[in-house]
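So the sequences go chain by chain: W and D.
Mapping to the working numbering: the first sequence position 59 is 59, numbers consecutive.
Mapping to the working numbering: the second sequence position 134 is 134, numbers consecutive.
Please keep in mind that the hints were generated in silico from the structure rather than gathered at the bench.
Treat each hint with caution, since some may be false.
Covered stretches of chain D, as calculated for chain W (at least 3 residues, CB under 8 Å) [said to hold, decoys possible]:
no. : stretch
1   : 162–173
2   : 215–226
Simulated restraints on C-beta separations [what the hints assert, rightly or not]:
no. : chain 1 : residue 1 : chain 2 : residue 2 : range
3   : D       : H136      : W       : R82       : 35 to 43 Å
4   : W       : D191      : D       : P133      : 44 to 52 Å
5   : W       : S225      : D       : H136      : 32 to 40 Å
When the alpha-carbon atoms are kept at most 20 Å apart in a straight line, the in silico PhoX-like pairs for lysine-lysine are as follows [stated by the list, open to error]:
no. : chain 1 : residue 1 : chain 2 : residue 2
6   : W       : K106      : D       : K216
7   : D       : K54       : D       : K115
8   : W       : K216      : W       : K152
9   : D       : K124      : D       : K152
10  : D       : K130      : D       : K22
11  : W       : K3        : D       : K22
12  : W       : K3        : D       : K3
13  : W       : K152      : W       : K63
14  : D       : K184      : D       : K54
15  : W       : K216      : D       : K106
16  : W       : K3        : W       : K115
17  : D       : K3        : D       : K115
18  : W       : K152      : W       : K54
19  : D       : K152      : D       : K106
20  : D       : K3        : W       : K32
The beta-carbon is built from N, C-alpha and C at its ideal position, and this holds for glycine as well.
Residues per chain are reported as follows:
There are 2 protein chains.
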Amino acid sequence: MAKHTTLYQHGTLALLVPGLLKGTMTMGDLLKHGDTGIGTGEGLDGELIILNGKPYQVAADGKVNVVPDSFTMPFANIHYARYLPLAELENVSQDDLNEQIVSLSKAGNTFFSVKITGTFSDVKTRAVRKSEPPFHTLAQTARNQSIFTRDKVDGTLIGYYSPELFDGAAVAGFHHHFLADDRKFGGHVLDFHLDKGEVSYQLFDTFEQHLPVNDKRYMQHDFSSDDITESIHTAE
Amino acid sequence: MAKHTTLYQHGTLALLVPGLLKGTMTMGDLLKHGDTGIGTGEGLDGELIILNGKPYQVAADGKVNVVPDSFTMPFANIHYARYLPLAELENVSQDDLNEQIVSLSKAGNTFFSVKITGTFSDVKTRAVRKSEPPFHTLAQTARNQSIFTRDKVDGTLIGYYSPELFDGAAVAGFHHHFLADDRKFGGHVLDFHLDKGEVSYQLFDTFEQHLPVNDKRYMQHDFSSDDITESIHTAE
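Input sequences plus hints: build the corresponding full structure.
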């Protein structure tokens with residue numbers, strides 16, 4: 001198995017929409033599928049970023065915690081890092097950067113990851129506050145979020161790109177999480193400006209979609225009345 | 001790796017729609033991911049069914065061939081068989097059977113395979129005639145198909161069920177191929193009546209989607225103007 005060309009995903013974004021927010025995989029089990037990734041905890045408990053096998057959580061109080069192997073998640077992406085240099089860029093907005101990455105990588109029809117290290121400015125992130133059962137919908141739960149901003153910060157951005165065809169299973173386009181080098185700031189990225197940084201990417205030929213088949217609420221849920229893609233794009 | 005709970009798929013149905021029909025994986029490589037499956041050859045060259053590791057092709061001339069390891073495909077599903085008994089049924093139509101399978105298995109929100117062995121009547125199948133490059137669209141290519149029927153036949157049906165959410169990557173709902181015990185009849189199933197048979201199923205928690213990232217025409221194709229789901233459901 002060419003592990004470096006596989007993106008593993010536990011859960012689908014679609015199951016978050018109606019509020020199937022139970023943690024259905026432990027961090028210990030997730031880390032058997034990679035060393036780099038992003039995700040969220042049970043009840044949308046913060047924003048996760050995994051770097052070099054170490055799982056960080058940016059909680060709704062803004063604190064950055066390292067989570068234990070027993071921490072559970074309804075949704076996560078992970079892979080074994082082997083990034084290739086793509087570009088060294090200066091003074092670009094998030095939208096410009098995303099466009100340049102798709103154009104340079106020529107990988108818009110497959111899954112890939114992007115890693116950006118450097119100096120960022122006007123970084124805006126969010127972290128959702130953990131909700132308790134009975135869970136509400138994604139849209140309702142995501143309203144309880146904190147927004148964090150930094151004028152200038154050194155750090156690492158990990159993102160995943162999913163092709164349009166898989167919208168619903170994943171967010172079509174980019175999904176970025178950030179962690180500051182000082183481990184005091186991070187979260188799900190809403191906006192940023194890259195002052196200067198190294199952009200690398202890793203292309204996948206395999207998308208390994210793992211579903212929580214042992215979760216009865218998931219298996220019995222009627223998805224036909226959920227407006228999956230609209231809800232995802234509103235919340236994300 | 002729990003191999004028996006993984007469904008491997010090479011290609012996506014969506015790439016067939018605009019006519020990306022090049023064979024991008026060999027049968028030899030496909031068989032590294034399972035012993036049971038379905039698929040089609042380059043240029044929609046017939047209908048494939050893999051039983052006990054042996055790959056049969058029902059060609060447009062109606063003949064059943066065993067294909068070599070060098071045979072290439074744009075699309076295929078494969079897994080390692082470990083079916084569980086679901087029901088022994090008599091005198092049911094295809095639609096009734098499909099409904100009963102989803103109801104009994106309670107697996108409608110995940111991928112699963114179904115295997116039916118027994119006596120069938122009024123079986124109607126099709127096999128597409130291989131087209132040569134430059135390939136036309138799925139709808140145009142699939143017009144060159146042969147329809148075969150049998151009043152009464154003993155055989156094996158292999159089907160895959162995909163949840164609605166993954167429509168486009170796979171056919172949402174069931175996709176059945178058939179092979180007669182005498183190896184003289186088979187193909188993509190359009191209709192059948194089950195006189196008497198054993199129905200077994202195999203549930204997957206993992207959908208391993210492999211994409212032809214080394215095929216430049218695939219990677220450079222603009223899917224935004226293809227009406228993916230409508231074309232698939234017209235052709236399938």
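Can you name, in rising order, the numbers of the hints this structure does not satisfy?
Result: hints 8, 11, 18 and 19 break, sorted rising.
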